[in-house]
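Visitor: Here is what each chain is made of, one letter per residue.
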Amino acid sequence: MKLAYWMYAGPAHIGTLRIASSFKNVHAIMHAPIGDDYFNVMRSMLSRERDFTPVTTSVVDRNVLARGSQEKVVDNIIRKDAEEHPDLIVLTPTCTSSILQEDLHNFVERAQLEAKGDVMLADVNHYRYNELQAADRTLDQIVQYYIEKARKRGELAEGKTAKPSVNIIGTTTLGFHNNHDCTELKRLMADLGIEVNTLIPEGASVKDLKKMSQAWFNLVPYRELGLTTARYLEEQFGTPYIDITPMGVVETARCIRKIQQVINAQGAEVDYENFINEQTLHVSQAAWFSRSIDCQNLTGKKAVVFGDNTHAAAITKILAREMGIHVVWAGTYCKYDADWFREQVSEYCDEVLISEDHGEIGDAIARVEPSAIFGTQMERHVGKRLDIPCGVIAAPIHVQNFPIGYKPFMGYEGTNQITDLIYNSFTLGMEDHLLEIFGGHDTKEVITRGISADSDLNWTKDGQAELNKIPGFVRGKVKRNTEKFARDRGFKEINAEVLYAAKEAVGA
Amino acid sequence: MTVAQQPEALSFECETGNYHTFCPISCVAWLYQKIEDSFFLVIGTKTCGYFLQNAMGVMIFAEPRYAMAELEEGDISAQLSDYEELKRLCLQIKRDRNPSVIVWIGTCTTEIIKTDLEGLAPKLESEIGIPIVVARANGLDYAFTQGEDTVLAAMANRCPDKAPVAETEKIERNAIAKLLNFGKKKEDVAQDESEYVDHPPLVLFGSLPDPVVTQLTLELKRQGIKVSGWLPAKRFTELPVLEEGYYVAGVNPFLSRTATTLMRRRKCKLIGAPFPIGPDGTRAWIEKICSVFGITPKGLDEREAQIWAGLEDYVKLIRGKSVFFMGDNLLEVSQARFLIRCGMTVHEIGIPYMDKRYQAAELALLEKTCQEMNSPLPRIVEKPDNYNQLQRIYELKPDLVITGMAHANPLEARGINTKWSVEFTFAQIHGFTNARDMLELVTRPLRRNNNLKDLGWDKLVREEAKI
Chain A
1 MKLAYWMYAG PAHIGTLRIA SSFKNVHAIM HAPIGDDYFN VMRSMLSRER DFTPVTTSVV
61 DRNVLARGSQ EKVVDNIIRK DAEEHPDLIV LTPTCTSSIL QEDLHNFVER AQLEAKGDVM
121 LADVNHYRYN ELQAADRTLD QIVQYYIEKA RKRGELAEGK TAKPSVNIIG TTTLGFHNNH
181 DCTELKRLMA DLGIEVNTLI PEGASVKDLK KMSQAWFNLV PYRELGLTTA RYLEEQFGTP
241 YIDITPMGVV ETARCIRKIQ QVINAQGAEV DYENFINEQT LHVSQAAWFS RSIDCQNLTG
301 KKAVVFGDNT HAAAITKILA REMGIHVVWA GTYCKYDADW FREQVSEYCD EVLISEDHGE
361 IGDAIARVEP SAIFGTQMER HVGKRLDIPC GVIAAPIHVQ NFPIGYKPFM GYEGTNQITD
421 LIYNSFTLGM EDHLLEIFGG HDTKEVITRG ISADSDLNWT KDGQAELNKI PGFVRGKVKR
481 NTEKFARDRG FKEINAEVLY AAKEAVGA
Chain B
1001 MTVAQQPEAL SFECETGNYH TFCPISCVAW LYQKIEDSFF LVIGTKTCGY FLQNAMGVMI
1061 FAEPRYAMAE LEEGDISAQL SDYEELKRLC LQIKRDRNPS VIVWIGTCTT EIIKTDLEGL
1121 APKLESEIGI PIVVARANGL DYAFTQGEDT VLAAMANRCP DKAPVAETEK IERNAIAKLL
1181 NFGKKKEDVA QDESEYVDHP PLVLFGSLPD PVVTQLTLEL KRQGIKVSGW LPAKRFTELP
1241 VLEEGYYVAG VNPFLSRTAT TLMRRRKCKL IGAPFPIGPD GTRAWIEKIC SVFGITPKGL
1301 DEREAQIWAG LEDYVKLIRG KSVFFMGDNL LEVSQARFLI RCGMTVHEIG IPYMDKRYQA
1361 AELALLEKTC QEMNSPLPRI VEKPDNYNQL QRIYELKPDL VITGMAHANP LEARGINTKW
1421 SVEFTFAQIH GFTNARDMLE LVTRPLRRNN NLKDLGWDKL VREEAKI
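Those sequence lines, one after another, are chains A and B. Once you know that position 176 of the first sequence is 176 in the working numbering, the rest is easy, because the numbers rise by one and skip nothing. Once you know that position 211 of the second sequence is 1211 in the working numbering, the rest is easy, because the numbers rise by one and skip nothing.
Each hint can be trusted.
Below, a list of computed lysine to aspartate or glutamate pairs in the DMTMM-like style, where the Cα atoms sit at most 20 Å apart:
(1) A:Lys72 to B:Asp1141
(2) A:Lys2 to B:Glu1085
(3) A:Lys469 to B:Asp1437
(4) B:Lys1221 to A:Asp462
(5) A:Lys2 to B:Asp1116
(6) A:Lys461 to B:Asp1210
(7) B:Lys1226 to A:Asp462
(8) A:Lys2 to B:Glu1111
(9) A:Lys469 to B:Glu1036
(10) A:Lys335 to B:Glu1072
(11) A:Lys335 to B:Glu1073
(12) A:Lys72 to B:Glu1015
(13) A:Lys335 to B:Glu1070
(14) B:Lys1397 to B:Glu1412
(15) A:Lys72 to B:Asp1385
(16) B:Lys1087 to B:Glu1118
(17) B:Lys1114 to B:Glu1070
(18) B:Lys1114 to A:Glu102
(19) A:Lys24 to A:Asp118
(20) A:Lys2 to B:Asp1096
(21) A:Lys2 to B:Glu1072
(22) A:Lys2 to B:Glu1063
(23) B:Lys1221 to A:Glu497
(24) B:Lys1459 to A:Asp51
(25) A:Lys335 to A:Asp357
(26) B:Lys1288 to B:Asp1198
Calculated directly from the structure, the hints in this document are not laboratory data. Computed from a predicted structure; not experimentally measured.
In isolation and in its complexed conformation, chain A is listed as follows (with noise of 0.2 Å):
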């Protein structure tokens, strides 16, 4: 057992979900109690989904437990599959299912039988895996699923498109800015001549995962999701895949080096070093911005860094090669794949922190006090105890994390997100600085003339009490309605009573 309050990741079947529910019409059957379908509650609030998430559960309860299933999950299975007509049903084991230990693949071998669309059992053991693993794990499974499919039918798409093409494998619903990513990759692929064959898993569906052996090479922009994937696609096809995340301005060149290379390797013959050029000196600010004297005043501030690995490696690059800012220590929580952490950010860095812990995070932020954070949501809150500005780089996010305006983490547009991000982060830092330098705004001491400013009228204790119940920001209006009631009444004390009668007759 372990004493935990927070956690980075989430457990595996989260993974799970985020993938079925970002392909178009598959969903997902969890093997759950009551209340374990929190999921849909976060992307419909989170991403503000316009549509139903495509989740329900077959719910586990006592009669489970005493007889097991029986026919419950099946029946829930054949039943969606009437209802919504999915290409594909993912039943989905939780951590509560997993210690029944009831036989899944057979429930889906029998739902396979009546069934009109295809049912797959999420093979992942709960107590191994995190979210992140387990989505990447659940990615590869369906891709293997479709092309093993089309194999045996032989409706696997042969040879490879006739100009250079991509999978991009990875972006996902609930993910960080992916479907600004997602936007701005496609945009880059464009620009660089290559048509986009498949995007996967986010939009789409199952039954384009057959020609994903068309394309001449496949790139993977996040480390924690898609890699698998990939990894069997050039096993099985030769297909080349990058994974060089193009996030900002130094790593976007080498990611588009590296296309270069692959593709020109199969005979494409194109360079894209004027492109690099031209993009790096004068459409992305963020070459300029580093030459900029804003930039200059940054130099040797220190910074700390924690997220995924994707992310908080990108960032760490950033601040120490492209901005000058000295980086104590750099941070993820992905400690299953810690090594490649460590070897992209060693010498970007004084000191390498892997840990779950937020405690030990908390900590180590506390220590080195650096001028500005770059963290996950929970490194924001420390950053507010300690009245240090902390821009979020990495999930786990917030409502406030999920921009309507365009905010890409990647490509060129990407840079000058972050350029923003990361330079909003210290000014901040600098103006409350001054400001406490300084004494504040305005010290003169500020004389409104407020309706209570001069109160002829005696709060009891018991009435002080209860207004000292009332939250902070709103005490102020409810104590001036209140003595305005008590003075169009003609009460003297204000109790407990001619409070709440006030809150009665004016709502206030």
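With chain A held as given, fit chain B onto it using these hints.
Guide: For chain B alone, coordinates are given in the frame of chain A:
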């Protein structure tokens, strides 16, 4: 007074139980705030932790007095000793927080692997010297607010039986208090007692925010009724005395286990009343308590009328409109009854679990309200099926759907107004004073619509999206 004898009775149905609601462990979110010296330890998996972390939102950053005891593979396969593991964690909690009580929340996983929490607790309690209360608030058996019910039922067993030692101590303390008050508020103390009618002790149960506790207590005080205590109190160390023969009354519709425990284990007498939600409910609640104590209620007519007058601007917005409760927090029947009194029609009351005995008075009032308002009797659907409900919603086109967050945005995108049901659990909706707050929530989508009505942006999904 049985419902079945009526010619036109309420209809009760039961569907598949495939509905969305919060896991009952969510009760720690409000209970740790209510019981200030408690610490809640949820013994479960990452799934439970992830739910709490996301459902509690910003509260999680405020160093909450709750934590997960996250089970690992070794715990599931019994390679580790439950007792030793729990002891280690509880000692850590004692060292870091020093609470007056640790509440263990049993989850689905502890049920399935049959961890004997009730057996381990007394042993560990005597070893570490902190009371340990066990509540099995799991998703196998309960929905959302029923979590509070399991915790309060467990707490009910911890309420003191007015031991004689405590009594003398109390008198002494009172004596000191009197001494300190001497010359200052002597007459206040005497006056305090004379304000109350002589009646047997009354203890109320249900966790409410402190301001609402004060309001309801004052409301009863106006009738000369003294509230001897609340379950739960602000602190675990202040749990009310419960002697055999005390009267108890519930303030929330989801507290049936607590009510049963109070009656059977503590030999208290339950006052079965409608719940104090809405001015009509509050009045009926007070009247019922008065009638049990043989008190004639004073001034309730005017008070209720005055509250209704203050609500008129909101009632005007919803009168004649229809509402559909998908059901997830067990407050549905009381809310529906209040809204029917406001002049709304209720198509369906979805509810996770319906205790017809504990809610009997509320159901009777619902029926009476329908007759008086000339409104059709709604169907009550226990363990609803959300998919079927959505089909009914498309067909009925209600003016308002009260539902969970999983369905709210998709329904709004289809031009159906929704109010997110969880807000009613956390908002202050009890008593005369807060009737307006409840309507504030109910009317919000309708007021929003009035603001946006000329824009023509009702349906925001593409046609092909709906099959």
